[in-house]
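2 protein chains.
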Amino acid sequence: MADKIMSRGGFTLPGEAGYEDLTLELAEKWGADAIRDSDGTVLSEAIISADYDIYSTICLVRADNDWAKSHRDKLQQNYLMSYPVIAQQETVEIDLLSGFFREQFEVNAKDDPRRWWQVFDRTTGEEIPKDRWFFDSATGTVKVKDVKKWHKITVNFLVYRIWEAISMYNHITNDWGDREHQMPVDPIYPETQEFMLSYLQKWLDDHPKTKIVRFTSLFYNFAWFWGDPAMQRFIYSDWGSYEMTVSPYAMTLYAKSRGYEMTSEDFVNGGAYCSSHNVPSERLLDWMDFMNEFVIQFGRKCIDLIHAANKTAYMFYDDHWVGTEPYGKQFKELGFDGLIKCVFNAFEVRLCAGVRGVKTTELRLHPYLFPTGLKGEPTFMEGGDPTLDAKRFWAYIRRGLLRAPIDRIGLGGYLHLVQDFPDFVEEIERITGEFRTLKQFHAVGRPYTAPVKVAVLTAWGSLRSWVYVGHFIPGMELYEVTESLAGLPVEVTFISFTDIMNNGIPEDVDVILNAGKVGTAWSGGDHWKNEKIIEAITEWVANGGGFIGIGEPSAAQHSSQYFQLSHLLGVDREIGVTLNKNKRTYSVFGKNHFIFKDINEGIDFGTDIDNIFIVDKNTTVLAEKENSPTIAVKKCGAGRSVYLSGFRFAPYNTRLLHRSLYWTAGQEQNFGPWTCSNVNTDCAYYPANHKLVVINNKNQMENTKVFDANGKAIDVSLDANGLYIIDL
Amino acid sequence: MADKIMSRGGFTLPGEAGYEDLTLELAEKWGADAIRDSDGTVLSEAIISADYDIYSTICLVRADNDWAKSHRDKLQQNYLMSYPVIAQQETVEIDLLSGFFREQFEVNAKDDPRRWWQVFDRTTGEEIPKDRWFFDSATGTVKVKDVKKWHKITVNFLVYRIWEAISMYNHITNDWGDREHQMPVDPIYPETQEFMLSYLQKWLDDHPKTKIVRFTSLFYNFAWFWGDPAMQRFIYSDWGSYEMTVSPYAMTLYAKSRGYEMTSEDFVNGGAYCSSHNVPSERLLDWMDFMNEFVIQFGRKCIDLIHAANKTAYMFYDDHWVGTEPYGKQFKELGFDGLIKCVFNAFEVRLCAGVRGVKTTELRLHPYLFPTGLKGEPTFMEGGDPTLDAKRFWAYIRRGLLRAPIDRIGLGGYLHLVQDFPDFVEEIERITGEFRTLKQFHAVGRPYTAPVKVAVLTAWGSLRSWVYVGHFIPGMELYEVTESLAGLPVEVTFISFTDIMNNGIPEDVDVILNAGKVGTAWSGGDHWKNEKIIEAITEWVANGGGFIGIGEPSAAQHSSQYFQLSHLLGVDREIGVTLNKNKRTYSVFGKNHFIFKDINEGIDFGTDIDNIFIVDKNTTVLAEKENSPTIAVKKCGAGRSVYLSGFRFAPYNTRLLHRSLYWTAGQEQNFGPWTCSNVNTDCAYYPANHKLVVINNKNQMENTKVFDANGKAIDVSLDANGLYIIDL
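Quick note, the sequences are listed as chains H and W, same order. Residue numbering for the first sequence follows our numbering, starting at 1 and increasing by one per position. Residue numbering for the second sequence follows our numbering, starting at 1 and increasing by one per position.
Honestly, the hints are just simulated from the structure, not real lab data. Keep in mind that this is a model prediction, so the values were computed, not measured. Do not rely on the hints blindly, as some may be mistaken.
Which copy? The list can't say, so a pair holds if one copy fits it or any two copies do.
[Unchecked claim] In silico DSSO-like pairs for lysine-lysine, Cα to Cα no more than 30 Å straight-line:
hint : residue 1 : residue 2
1    : Lys-583   : Lys-375
2    : Lys-211   : Lys-256
3    : Lys-581   : Lys-517
4    : Lys-517   : Lys-149
5    : Lys-591   : Lys-517
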């Protein structure tokens with residue numbers, strides 16, 4: 001039934017000195033074509049000399065601690081907001097680092113505090129004039145005078161980071177004792193750049209056998225602030241936030257480039273910092289753009305050195321990825337040859353597959369070959385079941401691979417750990433086989449995709465395509481829905497409010513999807529107060545567009561509605577301002593609607609937005625919970641809308657979404673071809689080579705019917721987690 | 001054990017012509033001293049001539065429909081906001097009454113629409129200039145030109161009410177067929193006043209035997225807007241809202257009096273109208289004050305006529321009560337002799353008992369002698385159990401009567417209905433006995449009250465003492481907590497933010513309580529952005545005050561905190577702007593805290609505010625739900641705070657509140673005297689005559705210990721719903 005498939009290539013194996021036989025044996029069994037080192041492992045001469053591409057990791061910002069120690073003013077910096085103090089008197093004294101991890105941060109007393117810091121009265125939200133406070137570097141405190149009694153006072157201040165965040169995490173997690181703390185240097189300074197380039201050149205000279213240079217990302221870590229361990233270990237972390245790119249030097253360059261100055265409060269933001277969850281200000285986007293320009297410009301110089309040494313450069317799309325912005329417009333100018341993403345979910349597959357400007361995309365599979373997983377749970381040790389873990393993650397990942405091509409997969413960690421888990425070795429062999437099959441099919445031609453294109457509308461737009469704040473966040477509507485989308489046979493694009501303002505709604509888009517809680521970047525926050533946005537979407541829907549709103553779509557406290565598109569959605573939310581207005585009654589239409597077909601279980605979104613009420617007699621409620629509609633649909637002129645009070649990635653909900661996309665696009669008559677009757681299964685048809693792939697997402701046997709282009713049903717019986725190929 | 005108690009007096013019986021024997025027999029059995037008529041009943045000569053005070057009802061604004069019909073421009077008015085229309089073109093036409101009940105409202109085409117109406121673009125929230133729209137009185141529509149396409153357009157317009165709300169409700173509920181619709185006339189016009197006074201004088205002359213004239217309130221009904229019955233019967237209702245007092249004439253008088261004009265939008269408020277749930281604007285409070293002045297001034301003239309006829313005047317504190325404001329500063333100037341409140345709950349008892357300026361307070365008990373109750377449930381008919389209903393309501397009401405004196409109780413409705421329910425007759429006899437006992441004890445001296453005075457802080461303050469928007473609203477934190485307070489031996493006062501601004505926190509207050517959801521009048525809304533309020537409360541707590549916050553206390557989206565008193569409460573709420581800030585961890589202290597004593601069951605607040613996190617290492621979490629603290633306490637300088645994530649009136653929660661009041665007041669060492677060990681029981685000690693009253697709030701036997709002033713326990717065993725008196 002299945003064609004002969006490739007049995008080698010596209011696989012990166014973590015080698016390990018001292019286990020040369022095992023390394024070469026598994027390289028053969030899994031069909032590896034590249035062998036890598038990992039944090040904590042090295043490759044021996046026997047491995048390096050075998051016939052595999054060699055693949056070495058490097059992280060330039062923490063590469064040479066001696067240089068860092070002798071250039072402490074070149075360490076990376078960031079702003080912190082001191083813990084609030086309530087003024088008991090008209091003078092307050094604030095110990096800046098109180099509550100913070102003093103091993104991570106050191107107050108920057110070098111750059112003039114009066115120039116770069118700000119003190120705020122957080123009761124009123126107003127800045128306290130600079131002549132009312134002074135910094136005492138001997139005690140690390142700020143004294144503020146003439147404050148209003150009983151008000152809350154905070155200081156925005158600059159710190160050097162004296163312990164690089166990722167190595168700090170590894171150091172503390174693995175209890176590395178008195179091993180020296182690595183410090184991150186900032187490439188923004190010409191002197192640092194000069195050092196880094198010379199370091200890199202020497203490293204290249206020292207690694208003649210290395211074919212692929214893998215950057216543990218580039219220069220700036222995602223934001224990660226730690227607290228006094230006696231009080232609170234972790235204070236703030238955001239995979240997309242640019243907090244850690246800040247320094248007076250960079251801010252000075254920025255002011256020259258942009259013609260205005262950033263302030264500390266632009267980054268501190270009342271203590272909320274610049275979280276990806278929040279709607280970015282124009283100023284923040286401008287700063288990100290500026291840092292992106294810098295990272296690309298200097299990163300390019302590093303990559304040019306690598307290319308000059310006849311090696312290729314890959315980036316690990318994690319850790320110090322900030323400033324590279326793989327979905328930014330300039331990314332391709334960096335010149336990376338490959339991009340590696342570690343993956344648990346389908347959305348991460350699509351994230352990696354969707355990046356333009358690299359030749360090679362690679363997935364790093366979980367579980368890593370470590371004794372424990374990310375949350376400390378046992379993996380390759382007693383109590384762990386790495387084979388089951390691998391199956392489970394693969395079942396998620398494979399949904400994405402059905403839709404989008406990836407060039408390589410691989411593992412990381414300590415190879416010797418697999419010796420006690422022969423089942424795992426077999427499972428990886430099975431996985432590599434499935435991976436190569438799908439890769440081969442994609443190479444011939446893209447799979448059937450429905451005549452439905454959905455645009456996910458957020459405040460970030462395409463810059464945060466597929467990924468929002470890093471790993472999957474359970475309960476965050478947009479992650480949940482994106483994981484469903486990642487395996488559906490529809491086209492997906494990501495747009496921002498600014499895109500709509502500048503270019504209107506793209507002509508090829510059939511459905512706009514907006515999902516999230518009020519005020520977040522995902523729902524859109526104050527962008528919904530922009531009448532031009534309301535006009536554009538309302539007109540577009542009236543003329544036949546589809547709109548799917550999830551959670552608090554279009555929500556903003558503005559004028560006389562809360563959902564600013566309540567006239568399209570047919571529902572709004574009672575947030576306490578119209579409590580005495582009686583709400584329209586409705587009857588629940590039930591499960592005969594098109595979007596409910598195939599769904600035999602009760603819909604469960606996990607958490608629902610409550611107090612929803614209908615605002616239009618033409619709103620059809622399909623489901624409710626505690627007298628609050630949870631699913632409502634409406635026809636609006638030639639267009640249609642679907643409202644869902646929440647979303648959770650689950651087979652039935654994915655089908656509900658799939659059908660909602662067709663229905664809102666007015667394409668329900670075209671639903672059928674290349675769909676499965678059983679919602680626990682998925683299929684993809686590759687018309688160029690007449691292959692139909694059916695997968696079972698469940699760890700148990702499943703039977704399903706697959707419908708072909710003519711509506712003919714093909715019965716398929718699938719093993720647990722099985723993949724089945726049919727020639728048509 | 002019990003003293004001999006009064007067996008007659010303080011009871012108002014509804015008499016019924018045709019049932020003279022029954023009337024007089026029950027008057028004797030229940031110890032009535034007054035006999036009343038009811039809506040739908042009359043008293044015959046035999047009843048009137050018996051030795052009872054006669055008590056007749058009158059409602060002046062709907063008294064003479066012929067006069068109303070011949071003075072249609074004197075009908076009462078109000079503003080409505082038309083249902084929103086989305087502009088598909090640059091011109092829209094809006095059918096004003098579409099969606100409204102056309103039998104209740106008639107567009108006022110007499111007063112110049114251009115002068116009194118407004119048209120709004122509700123997408124932007126901006127008014128559309130008056131020269132862009134015109135009203136077509138022939139079609140009842142407004143045409144608006146040059147609107148922005150796809151925007152939402154509404155009209156604020158004036159209507160006459162052509163069917164008086166309460167009689168409309170009775171008419172439709174009781175299916176009165178083609179009986180003429182009664183129309184409400186507006187006493188704001190001199191001509192109406194003249195007519196009303198002459199009507200009243202004639203009525204007084206025609207009712208020589210009437211001793212007590214009971215106004216079915218005075219002139220203006222609480223707001224009650226009905227919709228097109230085919231779409232939505234009820235649109236808006238608010239027991240405290242002044243919507244129905246509006247007219248161009250009144251607005252003109254107002255402008256002269258206050259020096260500025262009210263606009264339609266002051267009343268329409270984006271379609272939210274002027275709900276009691278919302279923080280009142282200064283303008284709205286000013287309008288209420290103006291109408292209160294008018295009602296008192298003209299109401300006084302009516303009452304003077306009654307007094308001149310040697311009769312007394314009582315007001316029924318419901319229906320047309322708007323403008324009388326029994327808790328307003330001017331109420332006593334009205335000159336009412338008595339006030340009647342129908343009651344289901346203890347807070348209504350306290351509401352009635354707390355009014356100053358009347359000699360007599362009276363409660364109208366439920367169930368009314370009607371076949372069905374307020375919600376249509378069977379009462380005096382097959383399937384009903386009026387005896388159980390009476391027991392149940394009495395158990396609630398009695399908690400309030402333990403603390404505050406009331407002069408009279410009574411019933412309403414059709415007396416003959418009790419003939420089939422002899423148990424009910426016995427139950428009322430028991431109730432009247434208990435009522436007279438408590439009245440007698442109060443007459444000797446007030447019961448023991450704890451050394452704790454709590455001030456309930458809302459945007460309304462004392463104007464809405466005890467009652468907020470009418471009947472009890474389950475799930476509304478402040479009603480739930482007020483029902484608990486109504487039976488506790490503490491002093492209760494009600495203050496507003498303006499009170500604090502003008503006078504500071506009253507010296508005799510020990511604890512401030514703030515309960516409700518963000519943005520509501522109960523929590524306080526934008527008042528919490530006022531730094532003076534924050535300063536005042538923070539300083540006061542630091543110096544020893546107590547603060548109890550329930551739900552979203554002090555909540556406002558302002559500066560860097562959501563609970564503006566998070567520094568006192570020790571907790572704040574994640575509303576989506578600091579999602580990536582890790583929250584402090586805590587351990588749950590558990591049930592050894594003072595406020596948890598006596599409580600053997602799990603605390604259940606019904607609905608909780610979620611996503612609470614602690615902001616201070618000194619916050620002690622006593623309970624949590626899904627990783628969100630539900631009960632937290634904190635010491636703040638010399639003061640203390642308690643945070644509760646919700647509240648539901650239940651015996652254990654009442655005890656939790658009782659103890660929280662003592663703890664935050666720093667009075668825990670004084671807890672004990674005159675408390676019960678069993679939370680299902682309450683007690684009150686009347687020191688002036690050495691009587692201890694113990695009541696069982698449950699419909700089952702309960703045993704309890706009562707602790708006297710020396711901490712000595714007195715064991716008491718109580719019948720279901722029983723009341724027990726101990727001489728000390």
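Original post:
So which hints don't hold here, by number, going up?
Top reply: Hint 2 contradicted; others consistent.
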